[in-house]
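Undergrad: Sequence:
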Amino acid sequence: MRNRLFVKMGLDEEFQEWKSKYNKAYKTQEEEDRRKQLWVAAKERIETHNKKFARGETTFSMALNNFADLEPHEMPRGGVLKNN
1 MRNRLFVKMG LDEEFQEWKS KYNKAYKTQE EEDRRKQLWV AAKERIETHN
51 KKFARGETTF SMALNNFADL EPHEMPRGGV LKNN
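Going left to right, the sequence shown walks through residues 1 to 84 as my numbering numbers them.
Bear in mind the hints are in silico, worked out from the structure with no lab data behind them.
Be careful, since some hints might not be right.
Unchecked claim - Pairs of lysine to aspartate or glutamate residues, derived as DMTMM-like cross-links and limited to a Cα-Cα distance of at most 20 Å, are as follows:
| # | residue 1 | residue 2 |
| --- | --- | --- |
| 1 | Lys24 | Asp12 |
| 2 | Lys27 | Glu71 |
| 3 | Lys21 | Glu31 |
Given the structure is predicted, the values throughout are model-derived calculations rather than measurements.
The task is simple: from the sequences and hints, build the whole structure.
TA: Encoded structure:
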């Protein structure tokens, strides 16, 4: 149980650093909690993927970015790549 607490504290600190880096602020604690859950899920997906990359099972690595707290439908559309 004690190790879980330290891991959770580290995750909380990492989330705070990420929020600061990307200038994120949320209107309510409820929204912050929801955004943090999305961020944690993205972080876990990225870590799983990067383990595969380290084993040579995929050709690219991934990293957290400013979209890590967004739902799929909130992602910006129409960036550099276009669907034809």
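Undergrad: Now, for every hint given, state plainly whether the structure supports it.
TA: Structure-based check of each hint:
no.	hint	result
1	Lys24 <-> Asp12	holds (14 Å)
2	Lys27 <-> Glu71	holds (17 Å)
3	Lys21 <-> Glu31	holds (19 Å)
The structure meets every hint from the earlier list without exception.
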